[in-house]
Amino acid sequence: MDNSDAQSNLAPLRKRIDQLDREIVDLLNERAKVVVEIGKVKRDGKTPVYAPERERKVLDQVRSYNKGPLPDACLIAMWRELMSGSFALERSLRVGYLGPPGSFSHVAARRKFGSAGVEYNNLEDIQAIFDEIGRGHVDLGLVPVENSEIGGIGETLDSFLDTTAQVYGEVLINVHHNVLANCSVEEIKRVYSKPEVFSQCRKWLGVQLRQAERIPVASSSKAAEMASKEPGAAAIGSTLAAEIYNLKIQFANIEDNPANTTRFFIISPNSAKATGDDKTALMFTTAHKAGALAEVLEVFRDANLNLTNIANRPSKRANWEYAFFIECPGHHTEPHVAKAIEAARKHCLQLTVLGSFPRADEIV
Numbered sequence: 001m002d003n004s005d006a007q008s009n010l011a012p013l014r015k016r017i018d019q020l021d022r023e024i025v026d027l028l029n030e031r032a033k034v035v036v037e038i039g040k041v042k043r044d045g046k047t048p049v050y051a052p053e054r055e056r057k058v059l060d061q062v063r064s065y066n067k068g069p070l071p072d073a074c075l076i077a078m079w080r081e082l083m084s085g086s087f088a089l090e091r092s093l094r095v096g097y098l099g100p101p102g103s104f105s106h107v108a109a110r111r112k113f114g115s116a117g118v119e120y121n122n123l124e125d126i127q128a129i130f131d132e133i134g135r136g137h138v139d140l141g142l143v144p145v146e147n148s149e150i151g152g153i154g155e156t157l158d159s160f161l162d163t164t165a166q167v168y169g170e171v172l173i174n175v176h177h178n179v180l181a182n183c184s185v186e187e188i189k190r191v192y193s194k195p196e197v198f199s200q201c202r203k204w205l206g207v208q209l210r211q212a213e214r215i216p217v218a219s220s221s222k223a224a225e226m227a228s229k230e231p232g233a234a235a236i237g238s239t240l241a242a243e244i245y246n247l248k249i250q251f252a253n254i255e256d257n258p259a260n261t262t263r264f265f266i267i268s269p270n271s272a273k274a275t276g277d278d279k280t281a282l283m284f285t286t287a288h289k290a291g292a293l294a295e296v297l298e299v300f301r302d303a304n305l306n307l308t309n310i311a312n313r314p315s316k317r318a319n320w321e322y323a324f325f326i327e328c329p330g331h332h333t334e335p336h337v338a339k340a341i342e343a344a345r346k347h348c349l350q351l352t353v354l355g356s357f358p359r360a361d362e363i364v
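Here this note's numbering is used: position 201 in the sequence shown is 201, and no number is missing along the way.
Some hints could be false.
If you anchor each label on the Cβ, the simulated ranges turn out as follows [as the list claims (entries may be wrong)]:
1. Glu362 x Arg14: 32 to 38 Å
2. Glu362 x Asp162: 28 to 34 Å
3. Asn309 x Glu362: 52 to 58 Å
4. Arg14 x Lys67: 19 to 25 Å
5. Glu321 x Arg63: 43 to 49 Å
List of simulated lysine-lysine pairs, BS3-like, C-alpha gap at most 27 Å [said to hold, decoys possible]:
6. Lys289 x Lys229
7. Lys57 x Lys42
8. Lys33 x Lys46
9. Lys57 x Lys33
10. Lys222 x Lys248
11. Lys67 x Lys15
12. Lys40 x Lys222
13. Lys273 x Lys339
14. Lys67 x Lys57
15. Lys273 x Lys346
16. Lys346 x Lys316
Everything labelled a hint here was simulated from the structure, so no lab data went into it.
Quick reminder that beta carbons are idealized off the backbone N, C-alpha and C, glycines included.
With the hints as constraints, model all of the structure from the sequences given.
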């Protein structure tokens with residue numbers, strides 16, 4: 001087939017694409033008009049802009065409608081950005097995350113909520129995110145709760161000790177580390193990043209950049225900013241940091257464990273409704289007696305509720321007193337879960353439901 005034949009065959013296909021694009025745009029705008037009406041109802045009823053249970057239903061419907069050939073992941077990514085644009089038609093969604101810009105918290109927030117209709121506020125520490133939720137300055141906060149390599153994030157758990165914020169959702173992201181630099185690899189003399197990042201890329205660095213000095217800094221975002229200003233410098237950070245600080249990705253995915261995953265909590269002043277596939281987070285302190293913790297755990301065992309996470313932190317109220325954090329399947333309004341919580345409460349000095357939220361069913 002020569003070029004003229006190819007062009008002749010392509011012409012009607014491209015015409016059909018143009019026609020479908022027009023129809024898609026018209027349908028998207030019809031959808032947007034309904035979103036505007038939803039926004040009016042939400043404002044009148046003071047309903048939150050973002051509802052995780054509604055998001056779950058919409059994305060599940062998209063998957064069920066999909067007959068291919070586009071993979072589900074492609075459609076879900078498009079729908080997340082579509083919903084992000086819809087936020088702006090209702091009211092811009094304000095999301096606080098652990099900065100600086102380009103951090104993995106920023107990456108997680110962008111992947112979860114998109115970019116079109118969201119106002120992102122980068123905050124200097126995790127406690128500040130909880131504080132801004134309490135003040136009403138942001139609608140949602142995104143805080144790291146655990147990493148598959150280093151375990152629980154103590155600062156997040158500590159922040160739950162004195163807050164009214166609720167766990168509203170969870171987000172899972174794969175953590176991929178990249179060498180970011182505007183010089184050639186041979187010219188790299190210094191590499192900036194967080195100490196934890198260096199440890200997670202130890203094998204690769206020991207082979208590929210063993211000649212370069214490793215300089216620890218407070219964040220991978222700060223590392224990228226520094227590398228963008230210094231000749232002969234590189235950073236290990238996210239692809240978003242490369243975009244923000246105008247750096248080239250010299251090597252991608254250099255982490256020793258490609259399955260390295262971080263889980264984030266979405267926190268909110270509101271409670272999430274049940275979806276049928278939920279988790280509940282609890283915090284409690286036990287009475288000062290032998291076997292008190294075991295009594296609480298036995299309650300959940302007897303209720304056939306598997307504890308998917310358990311951690312402890314100093315209560316900060318009395319020496320050698322600890323607060324325990326647990327997660328179990330189900331929503332706290334479901335009868336069997338509510339019954340177990342009330343039974344456990346009898347063995348505790350204090351028990352707080354931190355929130356029930358949809359279980360993350362994918363890595364974004």
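We went through each hint and held it up to the structure:
| no. | hint | result |
| --- | --- | --- |
| 1 | Glu362 x Arg14: 32 to 38 Å | holds (34 Å) |
| 2 | Glu362 x Asp162: 28 to 34 Å | holds (33 Å) |
| 3 | Asn309 x Glu362: 52 to 58 Å | violated (19 Å) |
| 4 | Arg14 x Lys67: 19 to 25 Å | holds (23 Å) |
| 5 | Glu321 x Arg63: 43 to 49 Å | holds (46 Å) |
| 6 | Lys289 x Lys229 | violated (58 Å) |
| 7 | Lys57 x Lys42 | holds (18 Å) |
| 8 | Lys33 x Lys46 | holds (20 Å) |
| 9 | Lys57 x Lys33 | holds (20 Å) |
| 10 | Lys222 x Lys248 | holds (16 Å) |
| 11 | Lys67 x Lys15 | holds (23 Å) |
| 12 | Lys40 x Lys222 | violated (41 Å) |
| 13 | Lys273 x Lys339 | holds (18 Å) |
| 14 | Lys67 x Lys57 | holds (18 Å) |
| 15 | Lys273 x Lys346 | holds (26 Å) |
| 16 | Lys346 x Lys316 | holds (22 Å) |
Checked against the numbered hints listed earlier, the structure breaks hints 3, 6 and 12; every other hint is satisfied.
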